[in-house]
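Participant: Single-letter residue listing:
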Amino acid sequence: MTLKKRRIRGLTLVIAGAMLLGGCSGQASQEEIVEVLEETNVAKTDSVQAEPIIEQEVTKPLAEIYAEIQKGVELYSPMEFDDEFLMNYYGIDASLLEEYVFSMSEDAASAETIVVMKAKSSSDVESLSASLQVVVDEKRNEMENYLPEQFAIVEKAEVETKDNYIWLVISENEDTIKKIIEDGLK
Amino acid sequence: MKKRVLAKWLAVVGMALLFGGSDMTSAVALAAEETAPTEIFGNLEEIEISEEEIDAYFENSVFLGDSIMLGFRNYTRKQASDSFLKQIQFLAAGSYSASNSLWEVTTESVHPLYQGKKLQAWNSIEKIAPDKVFICLGLNDLNISGLQGSLDNYKELIRRIQEKSPEVEIHIISMTYTLAGASSGKLNNDTIREYNLMLLDAAIENGWGYIDVANALADDNGDLAEAYCSDGFVHQTAAAYDVWTVVLREYARADLRVETAFADALEAMEMATAKEVIAQQAVPFRNSVVEAVFKGSI
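Protein chains in written order, with this note's numbering: chain A, 12 to 197; chain B, 34 to 331.
Here are the simulated EDC-like cross-link-like pairs (lysine to aspartate or glutamate), alpha carbons at most 16 Å apart as the crow flies:
no.	chain 1	residue 1	chain 2	residue 2
1	B	K119	A	D94
2	A	K189	A	E75
3	B	K111	A	E117
4	B	K111	A	D94
5	B	K111	A	E95
6	B	K111	A	D93
7	B	K150	A	D104
8	B	K119	A	E95
What follows is a set of in silico ranges between Cβ atoms, one per label pair, in the way DEER data are often shown:
no.	chain 1	residue 1	chain 2	residue 2	range
9	B	E84	A	P159	42 to 48 Å
10	B	S116	A	S134	35 to 41 Å
11	B	A271	A	D93	15 to 21 Å
12	A	S134	B	L135	38 to 44 Å
Since the hints were made in silico from the structure, they are not lab data. Even glycine gets a Cβ: it sits at the ideal position worked out from N, Cα and C.
Can you make the complete structure from the sequences, with help from the hints?
Facilitator: This is the structure we're talking about:
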């Protein structure tokens, strides 16, 4: 029940109580009303904590954000990679991460990549960003002079960070995907 | 010495296996009519090789290549955790070639990443220390370096790998074809066939293995079968990589059979005699088998 509703109900009870008092012995005196108010504790609002009116925003789990991405855009043959892959190819130590999503297109002719990581420690954000920059550089070098359309997509990509989060989006749907990520990390 | 001699036989037997279908001994026998005595090996198909032995064959191996190999890497990541494919270490990059494998490492160069580091292949291989290296390149070579230039670069790449890792076995995987009508300059299926023959010859000459994936994926016209092509050009589907898996396993089976037969045969004769027999008969045997399996296909 909101504070406002509690106060109205309390006041109603007070008024009802006052009416009973008045019914028994005529109009309730000012002193009697105050006494009832004090007993119902409606006047005491100091210790009552206000309920938030606006729903508090909560950062979403990365798996949930990725699920929203998959619903929001059509990814090109996406596949997710695991701890071993992260270390073997990109030298990323998954034990430094609280959670992550590492998705690339299964098709070697597509540069599409979505990576979102949450570092356990802010001190690792810089090195993890550098590791994701390696991914961008690799894709750029592979696609230049090979698949110009894919190269153009990679050229726009950049590694971004916020608090302990690091992310990289390489996709023709980059803007939509990044908005979903940013909304999810509020 | 033993490994190099074995590899020569393997290259020949590997080709015979694929073109002769399961009747490997018929191809061997055909050539043997004129040259090598089949009693050296006996009937190879009678040698039992278990599936576990074939799994173990690929332990500690590196697969090096371009975007075709990247596709195979991604395919293996989706296999069951106990699949033999999961133990393969890949060094692969899109647009990689024998030519650019020889470049110095710069911010713009293309080299497969290993643990986040961009290294020339021979340095990564030295770090990994595999027993075997399987190489599939050519897609990004032919239009740049031509046939002989591509082969020269390929040989130089292997030379540098073996210089750093002298004990490693080299196995060449053939180039694969393009979809019909999807050729580009020298990247056409007639040239690819010719290049694959050159690779086979180099494999036999140098004691490397040779695995013919190209013809296992080809349609009746000798082009990449449509069902195996993912992009209307040259990249491959999961169904194609299913075929790769079968071909690789049968190649391993053939290698293990030859190794077993050779070891048995050597035990039965003096080493000097074995060496003499192989030295006298390996080259004509190779030539006759290659001619037999490729007759009419070029």
